[in-house]
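These protein sequences, in sequence, are chains A and B.
With the first letter of the first sequence counted as 1, position 45 gets the number 45 in the numbering used here; the numbers rise by one all the way through.
With the first letter of the second sequence counted as 1, position 44 gets the number 44 in the numbering used here; the numbers rise by one all the way through.
Since the hints were made in silico from the structure, they are not lab data.
Just so you know, not all the hints are guaranteed correct.
It does not matter which identical chain is used: a pair holds within one copy or between any two.
[Unchecked claim] In silico PhoX-like cross-links for lysine-lysine, where the CA-CA straight-line distance does not exceed 25 Å:
hint, residue 1, residue 2
1, K258, K382
2, K40, K335
3, K337, K272
4, K322, K51
5, K345, K382
6, K337, K27
7, K382, K352
8, K322, K50
9, K51, K346
10, K149, K78
11, K40, K75
Here's the letter readout for the chains.
Number of protein chains: 2
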Amino acid sequence: MKGFKFAGIHAGIKKKDQKDLGLIYCKNPAVAAALFTRNKVIAAPVILGKKKIKKGLCQAVLVNSGNANCFTGDKGIKDAIACSKMVATSLGIPEDFVLVSSTGVIGQNLPMDKFKVGVPDIVIHLSADHADDFADAILTTDTHNKIVKKSGTIDDKKFSIMGIAKGSGMIRPDMATMLAFICTDINISAKDLKVCLSAASEKSFNRITIDGDTSTNDTLLALANGMSGVKINDTDSKKNFQDMLDKVCIELAKMVVKDGEGATKLIQIIVKGAQSKQDAFKVSETIAHSNLVKTAIYGEDPNWGRITAAAGRSGAHVVPEKMDLFFDDQPLILKGKWIGDEAEKKTAQIMKNKEITITLDLNIGKETDFFLFCDFSVDYVKINAEYRS
Amino acid sequence: MKGFKFAGIHAGIKKKDQKDLGLIYCKNPAVAAALFTRNKVIAAPVILGKKKIKKGLCQAVLVNSGNANCFTGDKGIKDAIACSKMVATSLGIPEDFVLVSSTGVIGQNLPMDKFKVGVPDIVIHLSADHADDFADAILTTDTHNKIVKKSGTIDDKKFSIMGIAKGSGMIRPDMATMLAFICTDINISAKDLKVCLSAASEKSFNRITIDGDTSTNDTLLALANGMSGVKINDTDSKKNFQDMLDKVCIELAKMVVKDGEGATKLIQIIVKGAQSKQDAFKVSETIAHSNLVKTAIYGEDPNWGRITAAAGRSGAHVVPEKMDLFFDDQPLILKGKWIGDEAEKKTAQIMKNKEITITLDLNIGKETDFFLFCDFSVDYVKINAEYRS
Numbered sequence: 001m002k003g004f005k006f007a008g009i010h011a012g013i014k015k016k017d018q019k020d021l022g023l024i025y026c027k028n029p030a031v032a033a034a035l036f037t038r039n040k041v042i043a044a045p046v047i048l049g050k051k052k053i054k055k056g057l058c059q060a061v062l063v064n065s066g067n068a069n070c071f072t073g074d075k076g077i078k079d080a081i082a083c084s085k086m087v088a089t090s091l092g093i094p095e096d097f098v099l100v101s102s103t104g105v106i107g108q109n110l111p112m113d114k115f116k117v118g119v120p121d122i123v124i125h126l127s128a129d130h131a132d133d134f135a136d137a138i139l140t141t142d143t144h145n146k147i148v149k150k151s152g153t154i155d156d157k158k159f160s161i162m163g164i165a166k167g168s169g170m171i172r173p174d175m176a177t178m179l180a181f182i183c184t185d186i187n188i189s190a191k192d193l194k195v196c197l198s199a200a201s202e203k204s205f206n207r208i209t210i211d212g213d214t215s216t217n218d219t220l221l222a223l224a225n226g227m228s229g230v231k232i233n234d235t236d237s238k239k240n241f242q243d244m245l246d247k248v249c250i251e252l253a254k255m256v257v258k259d260g261e262g263a264t265k266l267i268q269i270i271v272k273g274a275q276s277k278q279d280a281f282k283v284s285e286t287i288a289h290s291n292l293v294k295t296a297i298y299g300e301d302p303n304w305g306r307i308t309a310a311a312g313r314s315g316a317h318v319v320p321e322k323m324d325l326f327f328d329d330q331p332l333i334l335k336g337k338w339i340g341d342e343a344e345k346k347t348a349q350i351m352k353n354k355e356i357t358i359t360l361d362l363n364i365g366k367e368t369d370f371f372l373f374c375d376f377s378v379d380y381v382k383i384n385a386e387y388r389s
Numbered sequence: 001m002k003g004f005k006f007a008g009i010h011a012g013i014k015k016k017d018q019k020d021l022g023l024i025y026c027k028n029p030a031v032a033a034a035l036f037t038r039n040k041v042i043a044a045p046v047i048l049g050k051k052k053i054k055k056g057l058c059q060a061v062l063v064n065s066g067n068a069n070c071f072t073g074d075k076g077i078k079d080a081i082a083c084s085k086m087v088a089t090s091l092g093i094p095e096d097f098v099l100v101s102s103t104g105v106i107g108q109n110l111p112m113d114k115f116k117v118g119v120p121d122i123v124i125h126l127s128a129d130h131a132d133d134f135a136d137a138i139l140t141t142d143t144h145n146k147i148v149k150k151s152g153t154i155d156d157k158k159f160s161i162m163g164i165a166k167g168s169g170m171i172r173p174d175m176a177t178m179l180a181f182i183c184t185d186i187n188i189s190a191k192d193l194k195v196c197l198s199a200a201s202e203k204s205f206n207r208i209t210i211d212g213d214t215s216t217n218d219t220l221l222a223l224a225n226g227m228s229g230v231k232i233n234d235t236d237s238k239k240n241f242q243d244m245l246d247k248v249c250i251e252l253a254k255m256v257v258k259d260g261e262g263a264t265k266l267i268q269i270i271v272k273g274a275q276s277k278q279d280a281f282k283v284s285e286t287i288a289h290s291n292l293v294k295t296a297i298y299g300e301d302p303n304w305g306r307i308t309a310a311a312g313r314s315g316a317h318v319v320p321e322k323m324d325l326f327f328d329d330q331p332l333i334l335k336g337k338w339i340g341d342e343a344e345k346k347t348a349q350i351m352k353n354k355e356i357t358i359t360l361d362l363n364i365g366k367e368t369d370f371f372l373f374c375d376f377s378v379d380y381v382k383i384n385a386e387y388r389s
């Protein structure tokens, strides 16, 4: 994509010999919009980012893994500013146009000596072809990097969107992605970009969950440098761009869930027939967060009792005798009644798949919502019990 | 305790050769009060129990494990009524005075043939000395039975309370215990008994969590037969009884958490210095439910970043820079700052204990609340992945 360069290197922030420092650079200041974590304990780079994004312009994003720079007080803020300055100096751009982002362990100060060497070094590695390196450098417990590229046309002119994300643990809808960066060559206002980004997030990152925790560092950032020459200037072009952005975000969100810590399956729960949108959300969210549902799915057990019990405690209006429940297209409960051994056997077979859609029709209204989630495995516990040791 | 008899037998409801049918019988109709699950998907015996308890009198309680009689529609209600009738006939008491309770797998009809043989049989086994058998018969994935006995005096006259509970999975504060039965020989009105039971529950069963799910069958039932001759008739005697009832419920609740599915540790989180009682509740509840906190505790890791991050996403007002965090008496965070390696080493040592108190002082108000919870182990996932198979 025109105008964007990427780099990812090992700067020594992580103990292991893995890439841990990433940089996105744009030839010209790009229009920028961002969504940040709703957690009230927020990391220094997020505190800083919230202020800087107000200008609506960004030319470089420095991301480190291995250290979240969170719960680090004034020192953390100073360190984040110092990192921004290093990037500005090394690239010869205004510090105002530099954003920083961090992910990793909470409560330790950034190893600034590593940044002092790493930042000038990473600038040398910038290339339009190094998106993979950047995507690798931002990972923590992810098992692989996550990149989605899409192109579309508006008025016969091509535009592109590339999204790069990291996920794994601590993901829930309060601001789902840990870190995701969207680069596009579309020409769009900062205001419109924010609206489109929020809408895309509602259909993707805000509808996924891995373990119900929210990170202190979650950031979804979009940069639009306008270099495709395609301008968003009417409802049609905006819709066209929105559709493409939705696709990129949904694909990234699915990749994040599939790579959830210890995940073995990707599940979509669709709740239909709710009396209100809020009820549909509550029921789907409660099911997606239920440890009993998630462990049953890990055990490949179509344990509909746990699903309906989760619906019952969601706070939404539900009538057990009206519920229909499907695994993919196979019904197992109709009007609140288990329909028998044969259906049970078929759903048990479906549960062996890697991707499963569970549909709960409440049959008391017209509203619908959904969630994407993963199962809960023995490995999840192992990964998270041993994270800091 | 005067006037109560118990029994527990294997009636064949569970496949394994374990006790699965329990009965409590009181010589005279006892004053009764109960709290039931807040889940909207509720089991047939709870639907029935909610109606019957309004009379405020109960003489017999039949409890089965191995089958929850939930999501069983009209047939489930009929079966529950049929069970009540069998008990009434076998004991020669009014059906109105019989309560039934079930726990186990959801969505299967009760094996009525087992009850037809089992109910007349269990009546023969009734004895004042068989509380252990009853306590065994109501268990599901619990590893041992849970009985607490306490005695007190009012006006130099002795009264007693005995509590029997089962717990394990699917436990959260919306109505914490799965099943708990309190028998006392105090003389108390049904109204006062309900008030005392609710107050005790707020300090015990409503402050514990294992996996964040609520059962469809949760029931806390108290029976008071008055046979001690000790009457609750003033503020002092009521307080005396309340204190004893609190102790019984808190001890039972702790036993339930300690025996949580796969649990290896009992944790009390105390949240102090909140701006409101509701905030103190929210923060303690969010920490107690955080899978990341629970897995860290399983890994014996004083991962304060996860604890403070959970506080941050609780919805309560918190100021990271004001927080103090203690593991037992050892501070690790003071005014939002990690106090160093030596404190970290000491807390790491404390994390090896079986019982740990974590205190988070928000330092922005005067309200306090607490939760009891267990860690989240590899065995929890194993138990719950394989529950139905």
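We went through each hint and held it up to the structure:
no.	hint	in the structure
1	K258 x K382	both (18 Å within a copy, 21 Å between copies)
2	K40 x K335	between (42 Å within a copy, 16 Å between copies)
3	K337 x K272	within (17 Å within a copy, 47 Å between copies)
4	K322 x K51	between (49 Å within a copy, 22 Å between copies)
5	K345 x K382	between (31 Å within a copy, 22 Å between copies)
6	K337 x K27	neither (62 Å within a copy, 40 Å between copies)
7	K382 x K352	both (23 Å within a copy, 17 Å between copies)
8	K322 x K50	between (46 Å within a copy, 22 Å between copies)
9	K51 x K346	neither (54 Å within a copy, 39 Å between copies)
10	K149 x K78	neither (35 Å within a copy, 59 Å between copies)
11	K40 x K75	within (19 Å within a copy, 49 Å between copies)
Hint check: violations occur at hints 6, 9, 10; the rest are consistent with the structure.
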